[in-house]
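A.B. asks: Following the hints, complete the assembly by docking chain V onto the known chain E.
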Amino acid sequence: MFKIVSNPIDPAAWQQTLTNVEAGACVTFAGWVRQHNQGLVVLSLEYEAYAVLAVAEGKKILAEAHERFAVVGIAAVHRTGHLQLGELAVWVGVTANHRDAAFGASRFVIDEMKARLPIWKKEYYTGGATAWINCATRGEHGGLGALPSS
Amino acid sequence: MLSVSVYYFAILREQRGLGQETLSTTAMTPAALYEELRLLHGFTLPSERVRAAINDTFVLSTTSLREGDRIVFIPPVAGG
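Protein sequences appear in the order of chains E and V.
Numbers 1 to 150, taken from our numbering, label the letters of the first sequence in order.
Numbers 1001 to 1080, taken from our numbering, label the letters of the second sequence in order.
So that you can see chain E by itself, here it is in the shape it has in the complex (with noise of 0.2 Å):
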């Protein structure tokens, strides 16, 4: 299962999605709104996301993932909105009946996710600036560079 929300996310309620008595390992990564970037403060963040091909391209990242590792189940979340220091913003579940590829295909759908789903990160600074992470051209944007993702 694959979604993009704008609600806060539930870990539990998503690793609830995966029980399986068949799977011997769970591998759960949590994606944390954090308060520093490239050295900069940060307030908070708000993701914009084209909904539609971010959810049909977060599919075919779990299909892949699937393809590449002997997993029972994997779900995926991403969030969107304005969201604040210490929230959830991306949540990934893998389910295996070892926990190499639990370890594995958790580390290739986050991986995947964040390189291929049409998703935008703005962040907001102390003093009232914003930046489009990933976005910045030369000499442009504040003299903020280019700033990796999180």
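A hint or two may mislead.
[What the hints assert, rightly or not] Quick look at which bits of chain E chain V covers, simulated, 3 or more residues with Cβ under 8 Å:
#1 40–50
#2 108–117
#3 123–134
[As the list claims (entries may be wrong)] If you want a taste of the chain V side facing chain E, the calculated C-beta under 10 Å gives, among others:
#4 F1009
#5 A1010
#6 I1011
#7 E1014
#8 L1045
#9 V1072
#10 G1079
#11 G1080
Source of the hints: derived by calculation from the structure; they are not laboratory data.
Nothing here was measured: the structure is a model prediction, and the numbers come from that model.
C-beta: ideal position from N, C-alpha, C; glycine also.
C.D. replies: Below, chain V without anything else, positioned relative to chain E:
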């Protein structure tokens, strides 16, 4: 001239000042259309950093545009 719908997200939505518009263009590809719109609206991202989707599917920037296409220009992504 083709009539197409263009959708903007994130930095492009802010720089354009709206999320969607229908326009007529002589551009034959997403790359040509982006260049036309970049010059018109002063988008800061160069075309090589922007991908395109047509009718909710990723496409090559050299894909041929068709009448009525829904085109989304995709700035560098930053999920997670």
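A.B. asks: Now look at each hint and say whether the structure bears it out.
C.D. replies: Structure-based check of each hint:
| no. | hint | result |
| --- | --- | --- |
| 1 | 40–50 | holds (count 4) |
| 2 | 108–117 | holds (count 6) |
| 3 | 123–134 | holds (count 3) |
| 4 | F1009 | holds, 5 Å |
| 5 | A1010 | holds, 4 Å |
| 6 | I1011 | holds, 4 Å |
| 7 | E1014 | holds, 8 Å |
| 8 | L1045 | holds, 6 Å |
| 9 | V1072 | holds, 6 Å |
| 10 | G1079 | holds, 3 Å |
| 11 | G1080 | holds, 4 Å |
Every hint from the earlier list agrees with this structure, and none is contradicted.
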